[in-house]
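Take these sequences, add in the hints, and give me the full structure.
What follows is the residue order along each chain.
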Amino acid sequence: MASPGNILWATGGSVLINGAFLALLILTLPKTAALPQDDTLWVSLETAAEAQAEGVAPPATKPTPPVPQAASQPVAASSPQAPAQLPSPKPAPKPTETPAPALAAPDKKPANSASPTAPAAPTAATPAPISAPVQTSARPPAAAASGGSKHAASYAARVRAHIEGFKVYPPQARRRHQTGRVGFSFTIDRQGRILSARITKSSGIPALDQAALDMLSAAQPLPKPPSDLAGDSLGMNSVVEFGLTE
Amino acid sequence: MSPFKHARLMATTALTLCLLSAPAFAQETNNLDATTQLSLGKIVVSTGKEKVAIDTPQSVTVLDQEDIDNAQAGTVGDLLEDVAGVDAAGGVSSLGQGLNIRGMGTALSESDSRVVFTIDGVTKFFEGYRMGSLFTDPELYKRVEVLRGPSSSTVYGTGALAGTVNFTTKDASDFLKGDDRFALRTKAGYVSNGDGTLASVIAALKPTENLDLLIMANSRSSDDYQDGNGDTVSPSQASGASALVKTRYYIGGDRQHSLWASAQKWRSDSWQMYDQQAAAFPSMVRRQTEDTNYVIGYDNGFAGNDWLDVKAQIAFDESATDQTDNEFAPTSLGYSSQYTYKTVQAKIENVSTFKTGPLDHFLTVGVQTYDQQRRNPRYSLTGTVTNGATTHPEGDMNRISLYVQDEILVGDKLTLIPGVRYDKSKLKPGAGTYVVGSTGTPSDVDLDAVSPKLAVLYAVTSRINVFGSLSHTERLPILDEIYTRGAAQTISLNLKPEVSENKEIGASYAQRGLFTGNDALNLKLTVYQNDFTNLITRTSNTAAAYTNVGEARYAGAEVEAEYAARRFYTRAAYSTVNGYNKLTGIAFNTIPAEQLNLTAGWVMPEWGLSLGWRGEFAGRQNAYSATTGAVSSTTDSHDIHNLFLTWRPQSGALEGVDVRLNWDNIFDVYYQPHLSYLPAAGQTVRLTVGKTF
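In the order they appear, the protein sequences are chains E and X.
Numbering-wise (numbering that gives the first Met the number 0), the first sequence opens with residue 0 and increments by one.
Numbering-wise (numbering that gives the first Met the number 0), the second sequence opens with residue 0 and increments by one.
Calculated directly from the structure, the hints in this document are not laboratory data.
Among the hints, erroneous ones may be present.
[Unchecked claim] Counterexamples of contact, computed for chain E against chain X with all Cβ distances above 10 Å: (1) Q171; (2) R189; (3) G191; (4) G203; (5) I204.
[Unchecked claim] What the simulated footprint calls covered on chain X by chain E, stretch by stretch (three residues with Cβ under 8 Å from a Cβ of chain E suffice, anywhere in the stretch; the number is not a length): (6) 50-60; (7) 408-416; (8) 511-523.
Backbone N, C-alpha and C fix where the C-beta goes; we use that ideal spot for every residue, glycine too.
What follows is the structure in structure tokens.
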């Protein structure tokens, strides 16, 4: 009843349709990207007050995150089924030899990641990646203690300066005078490798959101957390500005 | 809540806080990553729609607050000495200096109108003979943009055949971080050579969420410095007091809609040489110079409406010198006299963003008015008053200008920037002005000019841009040129606008991640040829004092190259200019020597330290007799080495302090830049210590 030709057409058609759905979803979603991780434990470092002051969505502390899609529907880009965007889906055992994983905002359709059987929510078919602290904050931290806040502050300052050094204003956005602020959060392990990263507040311009993630990706490894900041992983959020005024 | 969860939250607060205070933090650590030292990556705001220097299809240099602070300059000439294609001309002290861009401009009067200065969008102009052309203090500014070549004339200035220099004063928001309501910055400086001191206080206030206020006062003083031979150079002092009050009220929540006002004053009162530029005569005179600038502005970005982004301003500006106790020629020039240039200026500009088919447009449209009153009463010892002089006539000038510039994006690679400026001016002779000698009643002069241009930028690859521009720019004659007369020479009522046909081509290359992950390389080359017709020149015959007989060619090149890795950066800026009278073939004496500036620096973020070396290398240059073409004098080449250090403690009791130490001309070399009339300073140590509370 179903000839191989029909199956081929049906599969092809399904891929196309689902691809279109995915593309639509991706284009309308705030950009999120995350790397899968195994048993790394979380220390969420977000607080609502400062995050709100800077317009960053604080998913960890708000029951309804201001960017609900980002929290509730992690996008397929982080799927292990999209290896082109994730050269290093799992942190290698030896940290120093780990190639820097590339982060990608899913502007483009990830190849073959949309399953024909889940057309309405292609992302649901993929194993849920840890893309937002809100999803993992229930996990108990293995060891959470704090050093002096001064220590933490100077470490954070170093991280920020380090990341900023990798900022590249996308040429076409620059040319089109597109400017904006991108809020993002990310987690790192003790070696300074990025475990996950996501956009918490989109600039509204896909190229700038992607540039924020590219900046993080290129900045690896980040300065290693000081030993008195305990925990297997640290989460941080920040804002990067792509501006054309001074 | 378990105790250990509490501890976790403490860490949370600390980390999140620091990472999020982005703008304030970025400002403080600007010098802590070497890539921020790259000049071609800076934003240019005065070319219509803001863009990055390397994407700008013309030759441009931006100095930001960090550059200005690091230069520790006493005068504007010092501040701009490292900028390719820009030279201080004439004198070396606060009064008596002029600027030369691409071989045009002196500290003398009329040809200075080819270099246009603006402060917060207000055009500055002073033609005071032997006094220089711009009276101000570098400390007042947070930003200086130098746009070389006449294509910048469209938006920024009438007849800017050489280029424009745009200054932006400091703002309260530069000093207020986050929710701060008040910030105080104090700064003290010392200059070893000439025993110079600087004291500066800035108070920045935000009494309500929507209101910013900046109050600043500076006092600078120094004696004459010593050159490399140990001889005192007179006059070379950099002295003056200045104040700035600037406020901005944000209307509504978004920061795009605001009303602002600024008041600025610079003054100096000292005994000076009658000839501050060249010290040609030993005679002294007392000069009280006051430069006043009031601006009220309105900015509205009309959030959500792409058609409107309006900036409007009205300004009153006055440059005035009160000269007394004139020992030079009290009988003929007046024992005391006043030189005042009062202008009232208004400007409204709108930038629209829209699409026509596949093209994106950023359209700038503006109207500008400029009313100038020039007065020069001179009082003899017996009390009689003369208005102006034969070579310094009183008069009024009214000008209205319209300009349109469109930035058109064609596809992903091509950008076209056509523009046109229309100027109409009316010149009226003032009291004491005659047709010839002291007879005849001069008439008004009406002039107009149309200056079109086209600039093209093409992105060959994501790293390589090529660009070019063609511009036809007309400079309308000024009061000096029309109404100057002699005992036997008449005024020059029939002068036509001076015309420049400028061709410019260039290329740029930008790459990130060349050897390491985040290093950066930028290169930019600009080559130009600027042909003048109707060149306005002073005559020595018995007909009109000025004529349009001249033809001239200025040609040259500017190269900027820079590289930065995480800790290291280096920059090079090279310029060469040739310029000659096409009728005689004789080179002009306003052509600077070939110049190369090199900088290499090392940044140590963990110590908050940045240090480096800066070298200035200038070639040999001749001056020629304008009549015979024979070499009349030669300036030797010079190599000057300087070292600098910036320290900003990141923690401890000294946090918030910034220390800058420059050791200039470390080998104490004697030299005199070709366009300078006086030798430059010998070995000099400059130190400033600032503290922000």
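If I take the minimum Cβ distance from E:Q171 to any residue of chain X, is it greater than 10 Å?
Nearest chain X Cβ is 6 Å from E:Q171, so the label is violated.
**Request:** Can you take a look at whether the region 50-60 of chain X is actually covered by chain E? Rule is 3+ residues, C-beta closer than 8 Å.
**Result:** holds (count 3)
Point to revise | Claimed coverage, the region 408-416 of chain X by chain E - three or more beta carbons nearer than 8 Å | key: holds (count 3)
Consistency of the no-contact label for E:R189, given chain X and a CB cut of 10 Å: holds (14 Å)
- Task: Classify the label on E:I204 as holds or violated, using whether its beta-carbon is more than 10 Å from each beta-carbon of chain X.
- Result: Since the minimum Cβ distance to chain X is about 14 Å, E:I204 lies beyond 10 Å and the statement holds.
Whether chain E covers the region 511-523 of chain X (at least 3 residues having a Cβ closer than 8 Å to its Cβ atoms): Holds: 4 residues of the region 511-523 of chain X have a Cβ under 8 Å from chain E.
Check your understanding: Is it the case that E:G203 keeps its Cβ farther than 10 Å from each residue Cβ in chain X?
Key -> E:G203 clear of chain X: closest Cβ-Cβ about 13 Å, beyond 10 Å.
Exercise. Minimum Cβ separation between E:G191 and chain X greater than 10 Å?
Worked result: Consistent with the label, E:G191 stays out of reach of chain X, its closest Cβ about 13 Å off (over 10 Å).
Going through the hint list in order, the structure does not satisfy hint 1, though it satisfies all others.
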